[in-house]
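Following the hints, put chain L in place on chain X, whose structure we already have.
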Amino acid sequence: MIKTEELKFSYKSEDKVTDVLNDININIIEGEFVAVLGRNGSGKSTFAKLMNAILLPTGGKAYVCGIDSADEDKIYDIRKNIGMVFQNPDNQLVATIVEEDVAFGPENLGVEPSEIRKRVDWALDVVGMREFAEAAPHHLSGGQKQRIAIAGILAMKPQCIVLDEPTAMLDPSGRREIINTVKQLNRELGITIVLITHYMDEAALADRIIVMSGGSVCLDGTPKDVLTQRERIKSLGLDTPQVTELMYNLKACGFDVNDKIINVEECVNELLRLIKKEKND
Amino acid sequence: MIEVKNVCYEYSPDEPSLGAAVEDINLTVEDNHFYSLIGHTGSGKTTLIQLMSGLLKPTAGEIYIDGINICDKKIKTRDLTRKIGVVFQYPEYQLFEDTVFSDVAFGPKNLGCDEAEIKNRVQKALKTVGLDESYYEISPFELSGGQKRRVAIAGTIAMEPDILVLDEPTAGLDPAGRDEILSEVKRLKDERGISVIMVSHSMEDVAKVADRVIVMNKGHIAMTGTLSEVFSKSDELYSMGLEIPQISKVILKLRENNVNIKSEIYTVKDAVTEISKLLKG
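So the protein sequences, as listed, match chains X and L.
Under our numbering, the first sequence has 98 at position 98, and the numbering climbs by one with no breaks.
Going from the second sequence to our numbering is simple: count from 1 and add 281.
Simulated from the structure, these hints should not be mistaken for lab results.
Among the clues, some could well be false.
Claimed, not checked - Capping the alpha-carbon separation at 20 Å, the derived lysine-lysine pairs in PhoX-like fashion look like this:
| # | chain 1 | residue 1 | chain 2 | residue 2 |
| --- | --- | --- | --- | --- |
| 1 | L | Lys286 | X | Lys277 |
| 2 | X | Lys3 | X | Lys74 |
| 3 | X | Lys276 | L | Lys364 |
Claimed, not checked - Quick list of the computed label-pair ranges, beta carbon to beta carbon:
| # | chain 1 | residue 1 | chain 2 | residue 2 | range |
| --- | --- | --- | --- | --- | --- |
| 4 | L | Asp492 | X | Glu115 | 51 to 61 Å |
| 5 | X | Gly31 | L | Asp312 | 49 to 59 Å |
| 6 | X | Ala136 | L | Ala341 | 20 to 30 Å |
| 7 | L | Asp492 | X | Glu278 | 43 to 53 Å |
From the three backbone atoms N, C-alpha and C, an ideal C-beta is built for every residue, glycine too.
Here chain X stands alone, though its shape is the one from the complex (with noise of 0.2 Å):
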């Protein structure tokens, strides 16, 4: 789906380059879940810019759908494809009524006016929203702006959706909603996700993890493989998950405990476990 080979991305300025990314050399295929980790500054915005060729490699290349990005005669293929989602729900939507604001992607692509209709109907079911399709955007809740968003880009039928730290600016329930909207598209639909977050306990639920820091990608495994490597991730400025932290502080009292753990359920059944065998014992 994303291929980069040797990746490289500068800012130039009148007297300086700033390198931003270097060499990253990163394969997302078709249906994976990828939560982007990183310190701010570390590159996944511009990396995520890179995926649907807001921004061009300024070395190595990008291969979009199998399309070199730097072919700017395929650049709406490349955007029809991969859709995007920022951080501030506000600055996304362009319409004085829901629906319209959905139809508005498939409307510049050139769709029939009978398939904008039913594309946009099928949008808003898919993010549960189809109730307030007539309804003012500023009317919502944060977490239902950033749905209209989703459903805008889905309306696109795109191959994969990037989201950019699309719940930094939510309350708890909008940022519950937004997970399970974007788990729904990618488990039901197939489509291919890439969610930048802060939020550990939101990497947890992918299928992969991709950790930057200074432009370079320096971790790239599975949640479980990526996030209990406790003190690497410390040093890398970020976090992990509570569930994970007691664990390792667990295993550092010295009890005998599996901290090879990421997520509330995991961590609950390895603590019965423990307590059972310790009143056993």
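This is chain L only, laid out in the frame that chain X set:
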């Protein structure tokens, strides 16, 4: 101390149909506490902050800071800013001077401080947020997102208010940046004995620093109390679109499985202590 008495804020008193942003607000903010203000988006948190800091005038009710009615027209803004300082969301967009030093100096200068006093305050404020002298002459626009945010927070700290209000100070920051800002604010509160009111959507952050919690729901105050008084009502919080920290969910599940562990556990540190006790028998 802030006393909010029967305060209501209507968007437009001439058009009651537009409704009220906040209603029936009765609240006392005591000295030397770390308050967290939580609630769903649109629950009225930001409006309440604007009212308490005198930026909005209530359409009904009164607000007193240290016994002074701040709605009184005779009150000068300058006197109010010595009492209460506000750091709004994404404050890094409000930086405007050409050096870090002069940006932070803007507030004390406007309070009428002399040169020596300005210098002293700027140095202290920048030290509080962890920026040393090497940053003084740098343009704030060359800094990273997290550093810019700290400069903006220093700008408010330099006014030396008795009450510091922060509206989502860690939104969009990576975990290390988030922890640094939280511990800096906590230390400032402890050293100076001021009160802090922090708006947050992260229950984990709230549990780390706050000792009092104010919960808003649909324009009303739904709960106030100590951290454990509020977090013990997880069902109510959930119904208001909020959460409890991940670690507290683990404790709740253990208790559901008849494990004899106290419920008032909201941080990983406390969880490690209590579970260790349990396992050692």
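Checked hints:
At most 20 Å may separate the alpha-carbon atoms for a hinted pair to count; Lys286 (chain L) and Lys277 (chain X) exceed this at roughly 55 Å. Taking the CA atoms of Lys3 (chain X) and Lys74 (chain X), the gap is near 16 Å; set against the 20 Å cutoff, the hint holds. A distance of roughly 55 Å separates the Cα atoms of Lys276 (chain X) and Lys364 (chain L); the hinted pair therefore is violated under the 20 Å criterion. Checked against the hint of 51 to 61 Å, the pair Asp492 (chain L) and Glu115 (chain X) passes, with Cβ atoms roughly 57 Å apart.
Taken as a hint, the range 49 to 59 Å holds for the pair Gly31 (chain X) and Asp312 (chain L), whose Cβ atoms sit roughly 56 Å apart. Between Ala136 (chain X) and Ala341 (chain L) the beta carbons are some 28 Å apart, a value that agrees with the proposed interval 20 to 30 Å. Between Asp492 (chain L) and Glu278 (chain X) the beta carbon distance is about 33 Å. The supplied range of 43 to 53 Å is therefore violated.
The structure fails hints 1, 3, 7 (numbered hints given earlier, in ascending order).
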